[in-house]
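Asker: Since the structure of chain A is already known, use the hints to place chain B on it.
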Amino acid sequence: MSKISSNFFPLLSRLLVLVPALLAAQTDLLTVSTQPVIAKKAEPFVAQLNVQLKPGLHANTNKPNDELLIPLKLTIDKGGFAVVKIDYPVGKNEKYSFSDEPLNVYSGAFQIGVTLKAHPGTAPGLAMAGGKLRYQACSETMCFPPKTVDFRIAVDLR
Amino acid sequence: MYRSIFIGVSLLGLLTSCGSFPDTVRAAVKPVSARKMAVPFSLKDADGKPLVLADYKGKVVLLNFWATWCGPCKIEIPWFIDFEKTYRDKGFAVIGVSMDDDGWAVVKPHMAKTGINYRMTIGDEQTALKYGGVDSLPTTYLIDREGRVAAVHIGLVSKGDYVKDIEQLLSAAK
Chain A
2 MSKISSNFFP LLSRLLVLVP ALLAAQTDLL TVSTQPVIAK KAEPFVAQLN
52 VQLKPGLHAN TNKPNDELLI PLKLTIDKGG FAVVKIDYPV GKNEKYSFSD
102 EPLNVYSGAF QIGVTLKAHP GTAPGLAMAG GKLRYQACSE TMCFPPKTVD
152 FRIAVDLR
Chain B
35 MYRSIFIGVS LLGLLTSCGS FPDTVRAAVK PVSARKMAVP FSLKDADGKP
85 LVLADYKGKV VLLNFWATWC GPCKIEIPWF IDFEKTYRDK GFAVIGVSMD
135 DDGWAVVKPH MAKTGINYRM TIGDEQTALK YGGVDSLPTT YLIDREGRVA
185 AVHIGLVSKG DYVKDIEQLL SAAK
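Sequence lines, in order, name chains A and B. Start counting at 1 in the first sequence, then tack on 1, and there's your number in our numbering. Start counting at 1 in the second sequence, then tack on 34, and there's your number in our numbering.
Just chain A, same shape as in the assembly (with noise of 0.2 Å):
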């Protein structure tokens, strides 16, 4: 019995310290992942984002199809790197009940591609490619406020 206990219950107090990021995880209404990219120093390389949405959710396009609407936006603004590019996904035209006409929204999973190019004065090696990705999704019944969502791209930059 004891021996039972002296097991369990630092693995509980581990899942209780891992509780917290597991809720955070989880609320969040959209999520941004990447994967490292080799790029050389001179010339514009390609960077995916892999961003998934809660189900029931949708988030407007880059370019919705109202103007009260607030679009997705990524930015980059950290690391040494210049956006050359965005390829933002063609969003699905969805006809809610509360619109009069179609909206043009990402739901579910789908990927951004952003075209970088290392500043002049970038160091070869390591580098963090810092940027935000400004959402705002609803969902049939109800709407959140615009967020941001902070992301990293690693890159070796050769």
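Since no wrong hints were added, every one of them can be taken at face value.
Using C-beta positions, here's what the derived DEER-type ranges look like:
hint, chain 1, residue 1, chain 2, residue 2, range
1, B, Ser192, A, Arg153, 41 to 51 Å
2, A, Arg135, B, Asp158, 14 to 24 Å
3, A, Lys86, B, Leu204, 51 to 61 Å
For the record, the hints were derived by calculation from the structure and aren't laboratory data. Note that CB positions come from ideal geometry on N, CA and C, so glycine has one too.
Answerer: Then chain B, alone, in the frame of chain A:
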């Protein structure tokens, strides 16, 4: 011992499985004994006049947090226009609190377009925090004649639900 371990693990499972976004919540009108005072605020309305919640004591108030970018909120606006017309003379008022970052620049044109006939103000972070942070829109509070929160509706609920609650609160003894 095993029982407490089982409870602990079950609780952990429950906590980690409840991470989905909130669904629409329609809270029924609370009994008077369970109501708490609505947090006071003072903001400016569309004409620049002070809009003070305390001035509404004696009236039933529908306090609606919304935004122009919120689709479900737009469904409710014609209902609220209708409620303002129907119940105004019975001691009822709608107050809209827009949570638009761009403020009056986007709200005033929307008010004109939709024919909003009730008082409007622009909410700020402080006001939202007083009302639990207003994590999703629409969020609507029904406040009784004594200034107490009688019901909270989070997300889009039916017009019939609002009518039922408003009439119940209006029929309560003054």
